[in-house]
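Enquirer: Spelled out, the chains give:
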Amino acid sequence: MAEMFNKLSVLITEHAFVRYAIIVGVLIALCSSLLGVTLVLKRFSFIGDGLSHVAFGAMAVAAVVGVTNNMLIIMPITVLSAVLLLNSGQNAKIKGDAAVAVISVGALAIGYLLMNIFSTSSNLSGDVCSTLFGSTSILTLTSTEVLTCVITSVIVIALYVFLYNKIFSITFDENFAQAIGIRAKLYNLMVAVIIAVIIVLAMNLVGSLLISALIIFPALSAMRVFRSFRAVVICSAVFSVLCTLIGFIIAILWGTPVGATIVAADISGFCIFSLIGKVKGR
Amino acid sequence: MAQILCKDLELGYEGSSIISGLDLTVNAGDYLCIVGENGSGKSTLMKTLLRLRQPLSGTLEMGDGLTADKIGYLPQQTLVQRDFPASVWEIVLSGCLNKCGMRPFYNKAEKKRAYDNMEKMNILHLKDRCYRELSGGQQQRVLLARALCAAEKILLLDEPVAGLDPKVTAEMYETIYSLNREGITIVMISHDIQAALKYADHILHIGNEVFFGTKEEFLSSKLGKAYSEYFGGEEISNG
Numbered sequence: 001m002a003e004m005f006n007k008l009s010v011l012i013t014e015h016a017f018v019r020y021a022i023i024v025g026v027l028i029a030l031c032s033s034l035l036g037v038t039l040v041l042k043r044f045s046f047i048g049d050g051l052s053h054v055a056f057g058a059m060a061v062a063a064v065v066g067v068t069n070n071m072l073i074i075m076p077i078t079v080l081s082a083v084l085l086l087n088s089g090q091n092a093k094i095k096g097d098a099a100v101a102v103i104s105v106g107a108l109a110i111g112y113l114l115m116n117i118f119s120t121s122s123n124l125s126g127d128v129c130s131t132l133f134g135s136t137s138i139l140t141l142t143s144t145e146v147l148t149c150v151i152t153s154v155i156v157i158a159l160y161v162f163l164y165n166k167i168f169s170i171t172f173d174e175n176f177a178q179a180i181g182i183r184a185k186l187y188n189l190m191v192a193v194i195i196a197v198i199i200v201l202a203m204n205l206v207g208s209l210l211i212s213a214l215i216i217f218p219a220l221s222a223m224r225v226f227r228s229f230r231a232v233v234i235c236s237a238v239f240s241v242l243c244t245l246i247g248f249i250i251a252i253l254w255g256t257p258v259g260a261t262i263v264a265a266d267i268s269g270f271c272i273f274s275l276i277g278k279v280k281g282r
Numbered sequence: 001m002a003q004i005l006c007k008d009l010e011l012g013y014e015g016s017s018i019i020s021g022l023d024l025t026v027n028a029g030d031y032l033c034i035v036g037e038n039g040s041g042k043s044t045l046m047k048t049l050l051r052l053r054q055p056l057s058g059t060l061e062m063g064d065g066l067t068a069d070k071i072g073y074l075p076q077q078t079l080v081q082r083d084f085p086a087s088v089w090e091i092v093l094s095g096c097l098n099k100c101g102m103r104p105f106y107n108k109a110e111k112k113r114a115y116d117n118m119e120k121m122n123i124l125h126l127k128d129r130c131y132r133e134l135s136g137g138q139q140q141r142v143l144l145a146r147a148l149c150a151a152e153k154i155l156l157l158d159e160p161v162a163g164l165d166p167k168v169t170a171e172m173y174e175t176i177y178s179l180n181r182e183g184i185t186i187v188m189i190s191h192d193i194q195a196a197l198k199y200a201d202h203i204l205h206i207g208n209e210v211f212f213g214t215k216e217e218f219l220s221s222k223l224g225k226a227y228s229e230y231f232g233g234e235e236i237s238n239g
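In order, the protein sequences belong to chains Y and U. Note that our numbering numbers the first sequence so that position 238 is 238, with each residue one more than the last. Note that our numbering numbers the second sequence so that position 46 is 46, with each residue one more than the last.
These are computed hints drawn from the structure, not numbers from a lab. In this text the structure is predicted, and so the values were computed from the model without any measurement. The C-beta atom is built at its ideal place from N, Cα and C for all residues, glycine as well. Where hints are given, some of them may not hold.
[As the list claims (entries may be wrong)] Which residues of chain Y face chain U? A partial, calculated answer using Cβ under 8 Å:
1) Phe168
2) Ser169
3) Ile182
4) Met223
Could you build the full structure based on these sequences and the hints that come with them?
Expert: Structural data, given as structure tokens:
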């Protein structure tokens with residue numbers, strides 16, 4: 001055990017990329033777990049998956065067009081999709097899960113198609129794989145990327161705290177909020193934008209296919225045990241940060257893929273919380 | 001000036017109209033019941049009154065100092081709420097949100113307001129309970145307390161007794177009636193014409209035949225006579 005801690009502390013102190021990865025990982029886990037509670041309750045659990053596929057498609061478009069800073073294309077497209085999905089709300093013709101599925105599958109297919117037709121890379125499936133699973137990119141972050149992530153996360157967390165009561169109200173009962181004079185549409189829009197930003201950021205951490213886990217597991221686990229919105233939000237944030245840290249440490253020590261290990265930690269946490277919920281008799 | 005004034009209102013979805021030519025006046029302290037068959041547009045009308053949707057044509061004015069932040073609303077329960085992890089306190093307090101403006105958190109006055117309304121609705125002992133574990137009647141009381149936090153002048157209720165047993169239904173009606181006597185205007189959608197005639201002083205019937213007027217006018221109208229014959233008129237007019 002002591003030997004492992006030694007190895008870990010050496011890794012963390014000697015390698016900047018390990019420190020970067022941990023900072024970014026924890027921040028993204030925190031942000032996505034906060035918004036995850038709202039998304040799960042609004043029946044948008046799969047939006048993480050859907051939007052990350054959109055981001056993947058946008059990335060392919062950026063690669064084909066040949067833009068140097070691909071965020072210029074990824075961010076607007078993903079934000080737009082998030083707004084379209086979340087703001088259509090209860091009155092849409094294609095609702096919640098179906099709308100997410102349409103966008104998700106569509107964007108994935110178009111993205112892969114574009115990459116296949118126009119790509120010059122010799123290792124196409126490798127590129128696609130690492131984009132989807134984020135197997136390496138978190139360990140190759142530059143200091144600029146870390147700074148961007150830190151600033152964005154701080155803004156997201158501050159906004160979340162500031163809008164907390166409004167978010168509760170529009171999640172629980174959007175019509176009521178609007179009826180009593182809350183600008184529900186505006187807050188919905190803000191939440192949609194925040195979610196899109198988080199997902200684009202999170203693609204760097206766990207990759208497209210595993211973002212959903214960071215959104216769903218903390219919220220679901222917290223809901224197994226706690227019965228008030230505030231407790232669920234706080235618990236889900238703590239849960240997410242802890243699982244991410246544990247996942248990271250295991251991944252670094254045993255050289256397992258980072259994203260998948262974090263999700264495995266989330267699944268274990270979910271099982272433990274489900275048991276606690278059962279024992280508490282609910 | 002009336003609190004709500006509708007003139008020649010036409011409601012509907014995407015061009016096809018459900019109700020047309022609707023004139024409606026609601027004054028402070030009124031108790032208006034909206035009755036009519038399923039699909040006749042009762043909920044649509046209420047959503048229009050709340051400005052959640054736009055009328056196809058006609059005018060809808062609010063007067064007598066009535067603004068959105070003085071309206072309380074008791075909606076029908078949504079699917080999301082059935083497994084929503086929220087304490088009773090959090091839900092009731094969220095009714096005060098329209099008093100906050102840009103301020104991110106609730107102040108003492110708002111917390112007191114929520115507390116008082118819970119006391120009024122007799123749900124103070126449920127304060128820390130989880131909403132989804134309550135009975136149907138208790139849940140409606142929670143939502144009513146929330147609506148009261150938001151309401152200063154008028155309360156709009158969309159089938160407040162749907163799914164409740166007869167005893168709880170009667171209690172709910174009494175509670176709403178006592179609020180009305182305290183001076184809050186009530187606009188309520190109901191399937192229950194008997195109860196509507198017992199408590200309300202104005203009736204709006206929508207559907208094939210549109211009627212708006214006082215309870216007495218309704219009872220002497222053709223439509224009202226048909227109902228009172230159906231239910232046995234004396235019992236109603238005595239109530």
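Enquirer: Each hint: holds or not?
Expert: Hints and how they fare:
Annotation: Phe168/Y was flagged as interfacial toward chain U, and the flag holds, the nearest CB pair being 6 Å apart, inside 8 Å. Look at Ser169/Y: its Cβ gets to within about 5 Å of chain U, closer than 8 Å, so that hint holds up. Taking 8 Å as the C-beta contact cut-off toward chain U, the hint placing Ile182/Y at the interface holds, the least distance being around 6 Å. This hint holds: Met223/Y has a C-beta 5 Å from the nearest C-beta of chain U, less than the 8 Å allowed.
Figure legend: structure checked against the earlier numbered hints; every hint is met.
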